[in-house]
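Novice: Please construct the entire structure, taking both the sequences and the accompanying hints into account.
Residue numbers (my numbering): 1 to 500.
Don't take each hint at face value.
Stated by the list, open to error - Listed next, with one range per pair, are the computed distances between beta-carbon atoms:
| hint | residue 1 | residue 2 | range |
| --- | --- | --- | --- |
| 1 | R411 | D105 | 18 to 28 Å |
| 2 | G299 | D125 | 40 to 50 Å |
| 3 | Q80 | D105 | 23 to 33 Å |
| 4 | D448 | P374 | 19 to 29 Å |
Just so you know, the hints here were simulated from the structure itself, not pulled from any lab data.
Glycine included, every Cβ here is placed at the ideal spot set by N, Cα and C.
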Amino acid sequence: MRAIDRLLVVGPAIRCWGVLPCENCRGAGGMMRVLGALLGWAVAFAAVAEGPEELVDPVPETIAKGDIVVGVVPFVRAPQSFDPVKPLGTNDAWARLQSLAAIPDGSGRLVFNDIRGLLYVTDVDGAEPAVYLDLRREGVALHNHDFPNEAGLLGFAFHPDFAERGKPGHGKFYTAYSAAPETLAEVISGSNQESVIREWTIADPGATAFVGTAREVFRVSQFAPTHNIGTIAFNPAAGPGSDDYGLLYVCLGDGGGANDPQKNGQNPDTLLSAILRIDPLGDAKGEYGIPEDNPFADGEGGAPEVWAWGLRHAQQFSWDTDGRMFINDIGQDQVEEVNLGVAGGNYGWPVREGTFATAQGSAGTRLGSVYARPDEEPGRFVYPVAQYDHGEGFAIGSGFVYRGESIPELRGRYVFGDITLGRIFYIDADDLTPGEPATISELRLTVDGEERELIDLAGYTNTYNADIPRVDLRMGMDAEGEIYLLTKGDGWIRKLVAAN
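Specialist: Next comes the structure, spelled out in structure tokens:
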């Protein structure tokens, strides 16, 4: 392990407050926060007399370069955008690209979002991006704050009936964004930010720019401006007639801050720290509906909207063609997770991180470390199918099972990336067992036939730690199952292709 890796592993309290380049706790910065974290560590060190042994290197296996080599080619570049206020972090991003997906109408059109409030449309041939929707011009008040990586337009989803004239979902799509509290009473009650879903009905589904109507579908408050709403999506493997067809999945983090201070993770009665599942079309009153097969649909044991819980910051999720759901959960102390979606599943945060125990609820431990987990009731938690520690990366990002045709050797692999360092990994998607982490390999990337690292192509100034470049990697997938790479620093979308 390199010296910098060891620093990153043993120093999560510093990392958590944004001094080192992670995507996790952005709630506050500055020297007082750092000194406070250090003081907390000093107290913790003094207080721990004996207890379980902390795991300094919980996943000792090094992720090696795999045998699969792919090409990376430029696809389109987003127009440059700007933060409405000067941020304290990563303020050199050309465009804060977050995700890319196909419009479900067979047109080949692709939509991607810039979290500064913009949806763009292009197509599989790489047409010049055009503004599809500008939330700011539609009167949406996005929450702007000094740490912008988790604020703004964070997700979007097109209803599977978007192109089906006469169907209730015709012309409808949804956006997920962070907003400032609407009233002083909410601020006084402790609401620092709100996560919102808005439904848009476009007059002409074939149009290249939005003209139509909108309404708010969902709003939930949280105490901090981080770990909020992220991906929203419909299960693309669910066809008409399926119990899952037309139901919207929503990821919400634990509400922000370090160590889940409000204990949302192990409280299924809250909508935070969870994957939600709702019917956005709802009822005649305009309220969203609760699917009758949701785990807590009757309100007993948890909130009716909750589909899975115990997730810290599951910013990204996706489905394979067989309907399996993959959930990537960003860790805090040392471990990043790939999980399979299980209805009613408890993924363990904040008492578990990866396949390990945290200091939460354990005697003789200190915050910021992980430990071998104690004996527990079988099936209590859903454990990851893959994991890596902070000697390999800082924050897990997007992931997709590759089922495209362009790269045969990649087919059947779950491909996922590390947000900060831009490393791209893969595992065999067809042989996964929760609690038995699969072997991870790193994808080898070539540009014009020469093997390259994405951080060398797209790394940019990282104001959380100027000594380490930041990639800000996200991914997207088109209707044919091909994978795209989105990087905020340079605003480029690149495509994975067969290596020359």
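Novice: Each of the hints needs a verdict: does it hold here or not?
Specialist: Evaluation of the provided hints:
{"no.": "1", "hint": "R411 <-> D105: 18 to 28 Å", "result": "25 Å, holds"}
{"no.": "2", "hint": "G299 <-> D125: 40 to 50 Å", "result": "49 Å, holds"}
{"no.": "3", "hint": "Q80 <-> D105: 23 to 33 Å", "result": "29 Å, holds"}
{"no.": "4", "hint": "D448 <-> P374: 19 to 29 Å", "result": "52 Å, violated"}
Hint compliance for this structure: hint 4 is the single one not met.
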